[in-house]
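Line order of the protein sequences matches chains D and A.
Under this note's numbering, the residue at position 553 of the first sequence is numbered 553, and the numbers go up by one with no gaps.
Under this note's numbering, the residue at position 80 of the second sequence is numbered 80, and the numbers go up by one with no gaps.
Check each hint, because a few of them may be wrong.
Unchecked claim - Heads up, simulated BS3-like pairs for lysine-lysine below, C-alpha to C-alpha not over 25 Å straight-line:
#1 K151(D) x K195(D)
#2 K167(A) x K227(D)
#3 K228(D) x K167(A)
#4 K96(A) x K157(A)
#5 K599(D) x K588(D)
#6 K151(D) x K96(A)
#7 K374(D) x K434(D)
#8 K779(D) x K588(D)
#9 K235(D) x K151(D)
Rather than coming from a laboratory, the hints here were simulated on the basis of the structure.
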Amino acid sequence: MAVPAALTEDQVYHHCPVEKLDFETTESLEDLELPCGQERVLRALEFGASMQAQGFNLFVLGPSGAGKHELVQRFLAKHAADQQAPPDWCYVFNFRMSDHPRAIQLPSGQGQAFKSDMNDLADELRTAIPAAFESEEYQSRLQELQEEMSKRQHQGLFDIQQEANQNNIAMITTPAGFTFAPMRDGEVIEPEEYKNFSDDEKALIESKVEDLQKKLQQAIQQIPRLKKEVRERVKALNEEMVQLTLGGPIGELREKWRDLPAVVEHLDAVREDVADHAEAFQDGENGPPAGLLGRYKVNLLVDNSKTSGAPVIYEDLPNHQHLVGQIEHHARQGTLYTDFTLIRGGAFHRANGGYLVIDARRVLTQPMAWESLKRILFSGEIRIESLERLYGLVSTVSLQPEAIPVSVKVVLLGDRMLYYLLSHYDQDFQDLFKVEADFEDDLTRDDECYSLYARMIATMARKLKARPLDRLAVGRLIEHASRLAADQRKLTAQDRVLRDLLSEADHWALQSGEDVISAGHIQQAIDEREYRASRIRERSREQIQRGIVMIATEGAEVAQINGLSVLTIGATMFGQPTRITATARPGKGQVVDIEREAKLGGPIHSKAVMILSRFLAGRYAGDGELSLSASLAFEQSYGGVEGDSASIAETCVLLSAIARVPLKQNFAVTGSMNQHGEVQAVGGVNEKIEGFFDVCQKKGSVGAHGVLLPASNVEHLMLKETVRSALAAGDFQIYPISDVSEAIELLTGMEIGEADGHGEFPEGTFNRKVADRLAAFAKISRQDETSDGNGSGGKQGE
Amino acid sequence: MEMAVEASKVSDAPRGRVLVLLDGSQMSYAALEAATDIARRTGADVLGVFVEEANLLRSAGYGFAREVGAASGVSRPFSTDLVEERMQRMAEHARKALAQAMSGQGGHHTLNIVRGEVVDVVLPLAGPEDVLVLGRTGWSSGYGARLGSTARTLIRKSPSRVLLWCKRPQSDRDRVVVFLNDHEPANQRAISAAVDASRHRHLPVTLILPSDTELTNERVESIKRDLDVLGSGTRLRQLAGFDLSSIARILHEERATQLVMSRECSLFRAPGMEELVEGLNLPVTVTP
């Protein structure tokens, strides 16, 4: 098999064609309103923001730092600008049910006017009503009324008294009521004397007394009705005075707000309430109690007077109270008081008629916030309830404000994992968030993209108030964007990392006293970032250099190979070589994955080892049995191994162990493999190559070193300058391999050897050596089985 | 018109007793408080009078006698035993109330329990220097009467000044209002009563002249003398008209907490004045 040619410098790095950037500095470039390459998200946003049907809320998913928030805000601001500003909302006192404040909707911007009108009315009430009740007219009418009623009340008793007197019967007041007795000359006759009266006289008197008693009873029983009548007539008089006094101002307000029946209804309720509380208004000195006048105020919950277009609200702390609003309390002498003026609106109130942007993770971490959000979206109304009431922790009487209908488009921002978890575990989620706006992680890098990407960088620099970039700096940034995307044909869409890099480059430009950011500043920013994050990497390299972690970069060894792994720590990742060793001896077709046995290997790694095992059996055992007991280990690895990117290395080292053919230690290998021995792409190739290159450099000088990587990974290469230089100088090689046989040939220097029609490999080839050794293992195994069958009883140790 | 004058000098020595009529009603106990208050300030003795009404006792002696409840209108049996027992209980209660009200005060107190007619019993007991204090209504307040028949008779006949007590008006009222007329001795008696009321409770005084009064020089001099006696803060006003609403209005404007007038005052004899007194929720002092 032909060994693949090593990659050239141009193959491992996609330079930015500077000629495509037709500007001197980014200062001359126009702003880019919407980011390039995010057409899917933009279409989803356009659809979701315009779709009126229920449940078509948006979930914008993408990795952290992708610029989701900025894009959504920018898009919605533009989208909402053409829409109408939503109505104002206010709460007013409910005169029928005082603990259920009423919600009133007003056209946008008119809430302030209504509030002001009601304040003026309250001020007028404060002075005008007491003045009306102080007036001579009222006082004299009230007195007349009371006199009349008093007379009527007394008249009944007086008439009875008169009647009694005319019949010479005294009506005597007792501590508990009245009694009747015959009298003469204003004095009650002595009972003894009465005995001397004739029976007729007695009968007449007693009959009259009985008659008077009955009349008196009737008269007394009329008194409560009379008192009630007095109250009603006083009330009617009060109402009349209030109507006369308030007729003007309330009439004007009714006329002004005649198009809003709810306001008119409230004004009528205020008038009735003033009449009902006329007595409280009668104190001309102190005026009516503040609490009474406070009931006529307006709590303007949502004021859209300064809102143009539909509101776009971002709630940065989306807890229950901030979303649905809350009822605040005043503490007075240790007691909490509240009223409808202390109702505070939440983000839903402010966003009503527009858009509410929330971070999904934040809303999910706040108690009850997610449930409250869903409840509002399902019910289409906002009901302000405290958390303690929702949890049933308090049973004290509090306000239950009337629910406000809500029409709001909720835009959740979150990472993909959250979206998929919510889709899977929350049954309501798909009903409420039907529009998925998925951010692209990367943008396609083609000839057309350069100018757009440059404009995006220019926009970013302006927003950051950074210096403009020259074209080489933009080119370097584009190249780095490809490196961040780990793909020569892609550019990263990670907004945050680019912004950070720009800011840092601007800083370095400032430090060097230059007005334009150059490629050098960009490179300095990249290098500084790398350096700041390099402590662990440096410690790791030092241990290899000192031989504490054993990595051979020279010579050849049997059953030993340099694998490549990537360590991700925080936001940084780096590659480093790992020694992989293997043992092989006769057995029953087992390949022991020591990492897995020690519970340090993940399932993907285990799968890769099983594939490897099947590959061996398929290639070398044919129809027979693979008589092999092998083991694989990542030496000096204590933190666990996962992934299948070491499959090629593991296969090579195992075959080396079987064939006892040494492997060149100046190479490191990465790549996944299928059961047919074909090499498959892996991740982190840039970091892996650079990691091995650095180790080789640290251990001496680089020369004839190299890395074997899957051919399908070549277009992912965006290697750093030092590696590219070594490559150009021929000190370092990168071989793209497509089949494990190529790796074997490169690592052993032997021909691999193809099987003939009988499955025999040519003499002197690597495969022949493997096959012969496996045949020897098989023979030994058969002998062991024979001796077991003869009853020797001994068991061969493995 | 407002005039500030020197504080008056009035003798602190008690001039007579304070007589208080007790009949067991709530209003009479309120009057007892007022009476003991006056006694405490003046050092006068208090004579409580509890009258067991003869007419009441006699009326209970009839076999057919029934009592009709003032509030409920229910007819109940009524007998001498019941009335005797009730009166004893009330008299005992009055005795205790008087003793309690006077405890810690220097003056003497006595309770006279007398059987007879109230007016007949009280008038001989009251002297010109005494103050007779009684509730504006007795038991009749229960059914809404605002000026009892006993009170009506006593203010017209008593040789002493009579204080018709009622529950205190609103606390923001702070003036003693005196109605004057052309009858100078009566005016002096009224002013003297106002001085006492004012001095006891540190209240300013308003003098009200009838609308038809001509302010002659002699009259002004007389008033100035009165003002000297009444002390600083005293105001002089003249009624706008002789009608009841003008009177009610001026009392309201002056924030009157107590009204003083002589029964010789022409206003007192004006038709409807009793009704006005009834309608005002003010303690009223009527001087001979």
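Given the hinted pair K374(D) and K434(D), is their alpha-carbon gap at most 25 Å?
At roughly 13 Å apart (the allowed maximum being 25 Å), K434(D) and K374(D) satisfy the hint.
K779(D) and K588(D) were given as a pair; does the straight-line alpha-carbon distance stay at or below 25 Å?
holds (12 Å)
Proposed proximity, K195(D) with K151(D) (alpha carbon, max 25 Å):
violated (38 Å)
Just to be careful, I want the Cα atoms of K96(A) and K157(A) compared with a cutoff of 25 Å; is the pair within it?
The hint is violated at about 30 Å.
Pair hint outcome, K235(D) versus K151(D) [Cα-Cα no greater than 25 Å]:
holds (19 Å)
Take the C-alpha atoms of K599(D) and K588(D), compute the straight-line distance between them, and say whether it is at most 25 Å.
holds (23 Å)
Given the hinted pair K167(A) and K227(D), is their alpha-carbon gap at most 25 Å?
holds (21 Å)
Take the C-alpha atoms of K151(D) and K96(A), compute the straight-line distance between them, and say whether it is at most 25 Å.
violated (37 Å)
For K228(D) and K167(A), compute the direct alpha-carbon distance and say whether it is at most 25 Å.
holds (23 Å)
The structure is inconsistent with the numbered hints 1, 4, 6, although it conforms to all the rest.
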